[in-house]
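Undergrad: Residue numbers (the working numbering), protein chains in the order written: chain F, 4 to 118; chain U, 44 to 157.
Some hints could be false.
[Unchecked claim] Derived pair list, reagent style DSSO-like, types lysine-lysine, alpha-carbon separation capped at 30 Å: (1) U:87 with F:74; (2) F:60 with U:70; (3) F:113 with F:60; (4) F:110 with U:105; (5) F:4 with U:105; (6) F:60 with F:20; (7) F:113 with U:87; (8) F:4 with F:74; (9) F:110 with U:87; (10) U:70 with U:87; (11) F:74 with F:113; (12) U:87 with F:60; (13) U:94 with U:70; (14) U:114 with U:70; (15) U:87 with F:4.
[Unchecked claim] Residues from chain U that keep clear of chain F, each with C-beta distances beyond 10 Å, as calculated: (16) 58; (17) 63; (18) 111; (19) 116; (20) 127.
[To be verified] Some but not every residue of chain F turned toward chain U, in silico, with C-beta under 7 Å: (21) 45; (22) 46; (23) 47; (24) 108; (25) 109; (26) 110; (27) 111.
I should point out that these hints are in silico values taken from the structure, not numbers from a laboratory. Treat the numbers as computed from the prediction; the structure is a model and nothing was measured. Virtual Cβ for every residue (Gly too), placed ideally from N, Cα, C.
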Amino acid sequence: KNQVEQSPQSLIILEGKNCTLQCNYTVSPFSNLRWYKQDTGRGPVSLTIMTFSENTKSNGRYTATLDADTKQSSLHITASQLSDSASYICVVTLNYGGSQGNLIFGKGTKLSVKP
Amino acid sequence: NAGVMQNPRHLVRRRGQEARLRCSPMKGHSHVYWYRQLPEEGLKFMVYLQKENIIDESGMPKERFSAEFPKEGPSILRIQQVVRGDSAAYFCASSPLSPSGELFFGEGSRLTVL
Numbered sequence: 004k005n006q007v008e009q010s011p012q013s014l015i016i017l018e019g020k021n022c023t024l025q026c027n028y029t030v031s032p033f034s035n036l037r038w039y040k041q042d043t044g045r046g047p048v049s050l051t052i053m054t055f056s057e058n059t060k061s062n063g064r065y066t067a068t069l070d071a072d073t074k075q076s077s078l079h080i081t082a083s084q085l086s087d088s089a090s091y092i093c094v095v096t097l098n099y100g101g102s103q104g105n106l107i108f109g110k111g112t113k114l115s116v117k118p
Numbered sequence: 044n045a046g047v048m049q050n051p052r053h054l055v056r057r058r059g060q061e062a063r064l065r066c067s068p069m070k071g072h073s074h075v076y077w078y079r080q081l082p083e084e085g086l087k088f089m090v091y092l093q094k095e096n097i098i099d100e101s102g103m104p105k106e107r108f109s110a111e112f113p114k115e116g117p118s119i120l121r122i123q124q125v126v127r128g129d130s131a132a133y134f135c136a137s138s139p140l141s142p143s144g145e146l147f148f149g150e151g152s153r154l155t156v157l
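Here chain U stands alone, though its shape is the one from the complex (with noise of 0.2 Å):
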């Protein structure tokens, strides 16, 4: 059974241009949860959904954002016209049912924009 799956783990990126980061949660996983780590910094809330669904996006920025979990598919967290302040690691993590229970994460994809 494998873990979180997250691709790519490493993106370079150019200032305007869009990053793509996607996100197999484990088998059986219906929630899935986006989360942004910069340097020394803890991770940050961005998004929880559920298949098709987005359950809560309060932590995720208004403009160049978005997300989708779609019904077939990994989940996809997308940054349009990349600034050099998206430079992060982006994580995401599943979990089989409530929140409440246990979370596991992905290795997390490293966004460099230059």
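So that you can see chain F by itself, here it is in the shape it has in the complex (with noise of 0.2 Å):
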């Protein structure tokens, strides 16, 4: 079964610390991996999307690392600030060839950033 699981579920942590955000997926055939943000009350936002070929990639404070061997992902964030206050969703695609709705969604992880 395609699933993708996120951990933790919720994690509180102070302003200025860093933090590190676990996906782990069971989907195939793969194509991509992508981090979105999102704030209460609002939709998500694309902050990375990640190829199987890539290893790492980084949008300012946020890093994802994916190692597709062990189909783990995890998205770093650097120096936490109190915008950072979100939940994060992991979401991988399938490989279908271009169509469809395969896109597979993780349950976010809430983030709290705390002063």
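Dock chain one against chain two, each of which comes alone in its own frame, and use the hints as you go.
TA: What follows is the structure, given as structure tokens:
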């Protein structure tokens, strides 16, 4: 069964600290993996998208890694800010040759950054 | 270039009424997706449309729900005879090319069924 599991479910950190969010998937065949940030009451916004051949990709203070062999990804947030408080969603795309609703969503990790 | 526009942002309906949610994709995007999100849950795929065609509706409930993306105008998600369990946030996303490309989300429409 194609699944995306994220951990932890929720996380509280102090402003300025770093944190790492995990994503494990059993999706096959794999096309790409995305991380989204969803603020409360808003739509998801893309942070990174990685294909099979990419191991790491950065977007400012966000760095995503991908290990396609172990089917794991992580999102590392450096020097956290209060505005980083949000849900972070891992999404894996099935490789069906470009059609249909083939994105598998994780339930997200809810991050709270405290002052 | 405006983003994905959804309206209404909030909709309240009584049981048995109809709900219509609209989504205007980003300019130049011909692929539209609808997702449902329950509180504290992840997004669940409902339907994928291209202009005038439903490509994949495998996530759509068999009854009461329908979607369209006409040649002109926004995509519409229609829920007939709403029940309390339909209360959720409904997100629309669009992409310019295949689903493997970048996906842009709207801010969602929050349906509350009394």
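Undergrad: Could you run down the list of hints and mark each one as holding or not?
TA: Going down the list of hints, with the structure as the test:
no.	hint	result
1	U:87 with F:74	21 Å, holds
2	F:60 with U:70	27 Å, holds
3	F:113 with F:60	21 Å, holds
4	F:110 with U:105	24 Å, holds
5	F:4 with U:105	22 Å, holds
6	F:60 with F:20	20 Å, holds
7	F:113 with U:87	17 Å, holds
8	F:4 with F:74	14 Å, holds
9	F:110 with U:87	10 Å, holds
10	U:70 with U:87	25 Å, holds
11	F:74 with F:113	22 Å, holds
12	U:87 with F:60	26 Å, holds
13	U:94 with U:70	13 Å, holds
14	U:114 with U:70	14 Å, holds
15	U:87 with F:4	15 Å, holds
16	58	25 Å, holds
17	63	19 Å, holds
18	111	16 Å, holds
19	116	21 Å, holds
20	127	21 Å, holds
21	45	6 Å, holds
22	46	4 Å, holds
23	47	5 Å, holds
24	108	5 Å, holds
25	109	6 Å, holds
26	110	4 Å, holds
27	111	6 Å, holds
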